[in-house]
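Here is what each chain is made of, one letter per residue.
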Amino acid sequence: MVAAPIVRTGGLGRDFGGTRALDGIDLTLEAGAPIGLVGPNGAGKTTFFSVLCGFLRPTRGTVEVLGRPPLHRDLHGRVAILPQDAQFVKGVPVQSQLAMLAELQGFSAAAARAEAARVLQLVLLRDAARKTPETLSHGMLKRIAIAQAFLGAPELVLLDEPTAGLDPATANEMKNLIRSLDKERTFIVSSHNLQDIEELCGSVVILDRGKIVEHRKVSELVGRTSCLTFRLEADPPEGIAAKLSAVALVTRVELGRPGERRLAVHFRDEGEGAGNSTQIAVLQALTAAGIGMIEMTRGQSLQDKVIEMTRPNAG
Amino acid sequence: MDTRVRARGHIGVLIRHDLRYTLSSARGLLFLVFFSLFWAWVFSKLVGGLAARLGTPQAGFLVTWLFDSNIARLLQERPASLAAYFVVATTLTPLFAMLASCDQTATDLGTRHIRFLIPRVGRAEIFVARLLGASIVMTIAQLLAGIAATIVALVVHKDGGNTGAIIAYGAQVTGLLIVYSLPIVALMSLVSAAMASVGLALLAGVGGYAILGVALGLMPLEGTAATIVSFLVPSGLKPYILRPELGPALAACAGALGYVALYTFLGWQVFRTRDA
Chain F
3 MVAAPIVRTG GLGRDFGGTR ALDGIDLTLE AGAPIGLVGP NGAGKTTFFS
53 VLCGFLRPTR GTVEVLGRPP LHRDLHGRVA ILPQDAQFVK GVPVQSQLAM
103 LAELQGFSAA AARAEAARVL QLVLLRDAAR KTPETLSHGM LKRIAIAQAF
153 LGAPELVLLD EPTAGLDPAT ANEMKNLIRS LDKERTFIVS SHNLQDIEEL
203 CGSVVILDRG KIVEHRKVSE LVGRTSCLTF RLEADPPEGI AAKLSAVALV
253 TRVELGRPGE RRLAVHFRDE GEGAGNSTQI AVLQALTAAG IGMIEMTRGQ
303 SLQDKVIEMT RPNAG
Chain E
61 MDTRVRARGH IGVLIRHDLR YTLSSARGLL FLVFFSLFWA WVFSKLVGGL
111 AARLGTPQAG FLVTWLFDSN IARLLQERPA SLAAYFVVAT TLTPLFAMLA
161 SCDQTATDLG TRHIRFLIPR VGRAEIFVAR LLGASIVMTI AQLLAGIAAT
211 IVALVVHKDG GNTGAIIAYG AQVTGLLIVY SLPIVALMSL VSAAMASVGL
261 ALLAGVGGYA ILGVALGLMP LEGTAATIVS FLVPSGLKPY ILRPELGPAL
311 AACAGALGYV ALYTFLGWQV FRTRDA
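Chains F and E, in that order, give the protein sequences.
If you're matching positions, the first sequence starts at 3 in my numbering and goes up one per residue.
If you're matching positions, the second sequence starts at 61 in my numbering and goes up one per residue.
To be clear, the hints were calculated from the coordinates, so they are not data collected in a lab.
Since the model is a prediction, treat every value here as computed from it, not as a measurement.
No farther apart than 25 Å at their CA atoms in a straight line, the calculated lysine to aspartate or glutamate pairs in the DMTMM-like style are these:
{"id": "1", "chain 1": "F", "residue 1": "Lys213", "chain 2": "E", "residue 2": "Asp335"}
{"id": "2", "chain 1": "F", "residue 1": "Lys185", "chain 2": "F", "residue 2": "Glu222"}
{"id": "3", "chain 1": "F", "residue 1": "Lys92", "chain 2": "E", "residue 2": "Asp335"}
{"id": "4", "chain 1": "F", "residue 1": "Lys219", "chain 2": "F", "residue 2": "Glu186"}
Generate coordinates for the entire structure from the input sequences, incorporating the hints supplied.
Now the structure itself:
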């Protein structure tokens, strides 16, 4: 039997008054490598997560998670979420709250306490077990919220901004945690930190103004074998585009907007070291033009790509 | 596991946690302290001689003038301290029940704590668990107050030699008060789901009840219209619950259960369709 997609939507829409937060989302996501969900503020990422989990009802269209509509009782315990703005109950120790959530997932009382301790250990907060939420910092509460998403063995884990508000070291620990578990379950990670998405995810869904702009593998999107991106000391002069276009195999030259000090050179990927020779020719052309560079990367960064695709006049 | 068995398990876990939270939260403790102190004060007055004075013909005349003859009869025909407790408790039950049950789903919705629950448990189970949790708290509070009132009556009327009758009436009063508080708890399930804030739910509940009470007093309604309007909220049952005869009180209990069904249905409709 072929496994159902983890998420399937058809013409999915959600309105808030006159605002279309989601508009005609047709999407099929398969189990496997983590999937990134990105887009600018107000793109509809959190709304999309909320519809998948049944927090919000769609205004129109269909949605299935693991082959079932959201809120179906077959999904209980199989889908977990790190919600962006949910709070724990004040005055109750966090381990008690996690144990209660584990009990709701079918653990016995004793096993639930052990499970709560396990997930607290996962997020490096074993010492906070007896503390109440109001005595914990924002970052610690975020980690407790991450911990609740790892209770039991959910098949699909939705993480809304998992590293927001965490210090760099802790954010790294959380990314390592996700990496260590991504063979056992599918993650969908929403984040504004596109470097995190690039590091963690195999594919990415780009949302903008409630619509899907792109859904592709990260490697394809950033074009590692067919693009060179330069960070320059100053904005590139206008004439450089024509000079670089004359280089063999170069198909397109993209100048960053004023102030971005960026230049992207796209070329045909013909394999057999062609990329290297194109790279050398491009570098020579830049040096000849007297353009100083700070950094060169193969491919575009996901951040640049997303900014490019979600500009108000893009597409 | 069978779906219904699993649902019962979920409800049990949520109620257990809810009761523990009630005993540790500021709101829960506020209710318990306020409820306990108030009744301690009333019982001290009853033990201090007030009960004996309430049973006199002069007091009966005054009560008839202030309230109605049924309450005066109640004070004359039943142990006066228990009857006095019954009258005061019936008047204040809506307030206490609102205090005890104003949270229910309000905190879940207001703090979005419900987002931790929904992936694990059905909305119906959350709603039922919160309603049952609040009902259990109110029932236990009424039960303890009723037991205390009965003990006070036994002390005050110890020379009457009718211990069995006092205990039986104490049980009847406690049972009636428990049933009378349930529609208010159910009403608050509706208000808390609609308001999604404990403070607003309490304000809307108490304020709405008070405004309706004043409006009903001022409205120049008579006949069927007056009867219908007086039954908009469960306090329309109060005169029947306070009748000395058991028949009208039992009919009022049936009516109270009707309110419970209606308010629970409306509360569920609001909670079911709310964004989490």
